[in-house]
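For chain A, the structure is supplied; the task is to place chain B on it using the hints.
Protein chains: 2
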Amino acid sequence: MKIRLAQIEVRPGRPRENTARMLPLIADARQAGIDIIVFPEMAIPGYLIGDEWERSAFLRECERCGEQVRQAAAGITVIFGNVGLDWKRRNEDGRVRKYNALFVAEDGHFIGPAAGPYPFVIKTLLPNYREFDDSRHFCDLRKLALEEHRELRDLIAPVRSRHALLGCLLCEDAWDMDYAIAPLSVLGESGADLFINISASPFTLNKNHKRNRVFAAHAARLGRPLLYVNHTGIQNNGKTVFTFDGASCVYDSHGGHLECRPAFAEGILTLDIPRGAPWRLPQPLALREDNIGDAADALLYGTRRFMDLCGVERVVVGVSGGVDSAVVAALYRRLLPPENLLVVNLPSRFNSRTTRSLAHQLAGHLECLYAELPIEDSVALTRRQLDGLAVCRADGTHARRLELSDLALENVQARDRSARLLAGLAAAFGGVFTCNANKSELTVGYTTLYGDLGGYLANLADLWKMEVYALAAHLNERLFGRVVIPPGTLALTPSAELSPAQNVDEGKGDPLIYPYHDQLFRCWVERWDRATPEEVLTWYRDGSLEREIGYGGRVGDLFPTPAAFIADLERWWTLYQGMGVAKRIQAPPILAVKKRAFGFDHRESQMGPRYSEPYDALKACLLAPSTAS
Amino acid sequence: MKIRLAQIEVRPGRPRENTARMLPLIADARQAGIDIIVFPEMAIPGYLIGDEWERSAFLRECERCGEQVRQAAAGITVIFGNVGLDWKRRNEDGRVRKYNALFVAEDGHFIGPAAGPYPFVIKTLLPNYREFDDSRHFCDLRKLALEEHRELRDLIAPVRSRHALLGCLLCEDAWDMDYAIAPLSVLGESGADLFINISASPFTLNKNHKRNRVFAAHAARLGRPLLYVNHTGIQNNGKTVFTFDGASCVYDSHGGHLECRPAFAEGILTLDIPRGAPWRLPQPLALREDNIGDAADALLYGTRRFMDLCGVERVVVGVSGGVDSAVVAALYRRLLPPENLLVVNLPSRFNSRTTRSLAHQLAGHLECLYAELPIEDSVALTRRQLDGLAVCRADGTHARRLELSDLALENVQARDRSARLLAGLAAAFGGVFTCNANKSELTVGYTTLYGDLGGYLANLADLWKMEVYALAAHLNERLFGRVVIPPGTLALTPSAELSPAQNVDEGKGDPLIYPYHDQLFRCWVERWDRATPEEVLTWYRDGSLEREIGYGGRVGDLFPTPAAFIADLERWWTLYQGMGVAKRIQAPPILAVKKRAFGFDHRESQMGPRYSEPYDALKACLLAPSTAS
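Residue numbers (the numbering used here), protein chains in the order written: chain A, 1 to 629; chain B, 1 to 629.
Among the hints, erroneous ones may be present.
Repeated chains share a single entry, so a pair holds when one copy, or any two copies, can fit it.
[What the hints assert, rightly or not] In the SDA-like style, the derived pairs of lysine to any residue whose C-alpha atoms are separated by at most 20 Å in a straight line are:
1. LYS207 to ARG288
2. LYS210 to ARG95
3. LYS143 to GLY255
4. LYS2 to SER253
If you are wondering where the hints come from, they were derived from the structure by calculation, not from laboratory data.
If we strip away everything but chain A, and leave its shape as in the complex, we get (with noise of 0.2 Å):
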């Protein structure tokens, strides 16, 4: 059997735009002599389209082209996702039902599984976690089962086509890979000669690694080949932008497997698979983990796919000297003529002249357009329109004087350069600016409102502060290779520059210790049993807090008490579910390359900083006065 893999961009809420894309690709196929040809899950409409599931008029667009690919099923056989249609069922509310579904179609007609109700096989496990929201508009095979009063397996069958016994499924990401095993068996039992898995996966840093070793294994067990088909373009949800890869992947029958490369482009990948016999391939790949090489490609790649969504041309980054600004600009460089990038460094009295002649160096590097706009006059303007402010009522009475404290002139001086200069310059450039917060600024909300937090996408905000630091060295020594970012910015102590205490100068910066919180802020974000303060001070006690979060060094070292501890674990603590989740809210859309990116990925209610009850008595405990002494 000729057998083709077509990895194509998939562009969410676009039948007609996707369909068009598959057409070609079936005619040449067809004319190519392939027997069958496989396209994405969701590949005619996309597949994280938020409530667009519940307009009518888009559920009838999709079913339209789908006909339209039945019909160019001619000496071909075509396999695709797309939303499968129930308009006899609704729910109370008039909506209607919906499955999502894999067609095969074969001379004009759909093929389903011999004993199901419908000409679609209907995903089986529908994902419910992290981004993904399939069970808010599809129906469940056990709904289904329960309905029609049927056994769960007896709705899990082979396709049967010309070619072969098909064992169609659709199946996603790593998190819930083991439940595959499920349908998988199933449908193994059946003697289908070739197991087709279609997908719409998004790209999390090593996740292909892991399903590589997962799908090999079942290859291998199942004793007959395995095709993976995933799509490539990007996909959000509002809050959240995520890329895909693509990655399609044939699994020989010993464990072998071989990619769509590369990745981030649409492709097509040809197999001759002998029917119903084990097969081994040629030349297969080796087993390989990601780096820091493929988050910079996907962030590289969402980035330049979430400018052409918004139609975004040129780009101005605001430049403070430091590592993540500097990154932000070279990484559009990649992107951008550098006519179209516009790096500025908006100086106040408190910037220094190694700042200012950084950001200096780092344009010309980048050959960009470059300004200087310092922010002085106008931070001296609000301070004496505010600082001293009588009010009163509008009868003259009750009144009462208005000041500024060195905080709030620290946000002054943040959401000037962004509000006023960058969002101002953006319009005047015929662009957008950037927002160049990492993941670490953002859990805790070290970040200003309408200032630094500004911009139209924050594509390092998935990022901790260490990763930026990679990225920097990555971009540097592999993308450019040359000095683009100044070793001067790489050797700065990180600061915001907004008052006399963060002078670089003079070593001072940010208040986090950016090895250690890191890793204490990953484990609360990341980590599967999303860790607590209860889990972090009994790992503390148990001396066992290094290994627990992964930090190289010794906490004892940083912190040299109990009491130092506590104050800085609850400190970080209370602005990550205080004002950092007040922040995060009125964020621009964050770029995700890893598990848990803030957004549609890691939901949160505001709720105000919490402490458990085991970790009251633990720190009653801790801070005790030893009676020991």
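What follows is chain B alone, placed relative to chain A:
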């Protein structure tokens, strides 16, 4: 049987505080000789708590609190909602199996349905629409039935308490109200003496009316009383804030009902109900539909509770002289002493004497603090810095000049007001500033990011412009009982006053015709089938548009030709699906009072404006030169 409904305020994510609220109420009830006391759904953990459900430390705290309630249930039966845990069943990623559960504690024990695998009642229908994410976190009864090889209906069984056979269920909001028939019917056939429905149901305009109708009919059909216990307080999903009005209710066997009043307040309702016999309330209430007063109550309650959550005691409202900001200021005046409310007018050269005077009048009527701070100097400074600015490469080459357009200057003004002055004023005043956007503006993004879209809470953003006018009238006529919002404000042409083209004294202003566009936008956003331009244009062609969208005028009077109608339709639809989405992503939390508030109740992806094939065809047909002439 003496039964008490305990309508308590539930604080999400705070099991210890909620339990501390419940325990004295249990003790009081025992002393008063009550047999059964009923608390709401998720009374211990709260309900809308995001991914906090994934934190093991939080789940353990909920379990400990449940144990405390169990121990307190001596000499009294306590019914309450909590998370039901099965620590032995875990997802492959380590997440613990969780149920949305109803517990019956009696004589120090939890008693569940006789045939069930757990000592608690499991929620049958997990809502997964609008703001609800139940199936993201909780296990489905269908899944359990399949795992346990049981019929679904065998797992829906009454609980045999010492006092009666209790038909217990967890049920929620109006959308799937009719589904409630299923578990209620199963329980009804089991001979239950009494039906107890615990809930965590947010306020939505007219939801109580619908529920009262449906539940009263159920109780009459079953011939047994039905209790409904809901809580008060607020809960949020980050982007959207929901109020809980309580409205706990008892329905007698004859279709009568009695409510725990007032709404939005903790309270108890004590009843003496005969066991296993029909029962009639002596003085049942009449069914009543909600009106603008109920929306106002929800807004005031939700705003107050959100202030408490954020620790807000002082508020700055930027007032333009227009109706939205006047209504916001008046609402806050109901919640704050005059010295804690500062209203400020921030005029530029484009603001008329008319609106400045109206702002001053409003402040006088509210007797709060007032200031007028012009933005002219700052806007001029920004213009000097940016308009004509030369940018070039770091080496001085490739120079070009930037220009600020008129539209860009409008946005400079809006951002100067909010991000510079209101944010600075809020800091100096020791409080926050408000976002005064309404739903009409938010739908099409007729608002400036970091400008008038900034603020800590958007409490009018679920009301269309015409509803804001109705609320203004309600504030004057009912809540204040005197004119606080000046009649001039109500008579004014709505205008942003950011350019000479928006001169209110010449009757110029917003490009929106609110009585029409409100209804048009409503059919896109709030209508059950989420209409699109395809439906709208079909109705227009058929002459049924006014009726379908509920517009009192004639569309032909607004748009003389199909071309004019289509241009307007596409202008706003493009903004709704384009910049509107981008702006909503960075909007403040929105206080919901109706179905489909923006944010988490109406999930959106950024996908750009989209039109369907039938729309394109219909448009071409309507725009074609008539052949009949």
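Could you check the structure against the hints above and give me the numbers of any it violates, in ascending order? Violated: hint 3 alone.
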